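Residue 58 in numbering that gives the first Met the number 0 sits at position 59 of the sequence shown, and the numbers go up by one each step.
It is possible that part of the hints are untrue.
As the list claims (entries may be wrong) - In silico lysine-lysine, DSSO-like type, Cα no more than 27 Å apart, as pairs: (1) K5 <-> K51; (2) K85 <-> K51; (3) K51 <-> K1.
Said to hold, decoys possible - FRET-style restraints, in silico, Cβ to Cβ: (4) A74 <-> A42: 13 to 23 Å; (5) P41 <-> P75: 17 to 27 Å; (6) Q25 <-> A66: 15 to 25 Å; (7) C30 <-> Q2: 39 to 49 Å; (8) E15 <-> C64: 22 to 32 Å; (9) E34 <-> I7: 26 to 36 Å; (10) G65 <-> L3: 13 to 23 Å.
Read the hints as simulated data drawn from the structure, not as lab findings. These figures come from a predicted structure and were not determined experimentally. All C-beta atoms in this analysis are idealised placements derived from N, C-alpha and C, irrespective of residue type, glycine included.
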Amino acid sequence: MKQLEKLIIEATVLTEPEAEVERVMQVCNACRYCEGFCAVFPAMTQRLEFGKADIHYLANLCHNCGACLHACQYAPPHEFAINVPKAMAQAAWRRINSMPSPPLLARYTVGRGSPSRWR
């Protein structure tokens, strides 16, 4: 039973980057100013809550173009400090680097396997 509980916690508890994406998406979902900028925002509007799977799905949709950041009225220096590309990149980077890889490829990919835009 302890193994099952560990898996449930791992699947539901958000890491720090995932929690930041959840916070950013909650604010963006309320504002909806960037609704037509990219594929992230129409997918975001179909959700009221953002679990791990939703966060990683949205992070994979983000191409880190930065259009939403430049248009956002809540971007830094605003107290909300909404930075969608940065939050999505950090969540995607952590997910990519946590995936198992074959031992031969591991020494080439661990720690440097993700594109530079994700760092």
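Hint check results:
no. : hint                    : in the structure
1   : K5 <-> K51              : holds, 15 Å
2   : K85 <-> K51             : holds, 17 Å
3   : K51 <-> K1              : holds, 21 Å
4   : A74 <-> A42: 13 to 23 Å : holds, 21 Å
5   : P41 <-> P75: 17 to 27 Å : holds, 25 Å
6   : Q25 <-> A66: 15 to 25 Å : holds, 20 Å
7   : C30 <-> Q2: 39 to 49 Å  : holds, 41 Å
8   : E15 <-> C64: 22 to 32 Å : holds, 24 Å
9   : E34 <-> I7: 26 to 36 Å  : holds, 34 Å
10  : G65 <-> L3: 13 to 23 Å  : violated, 42 Å
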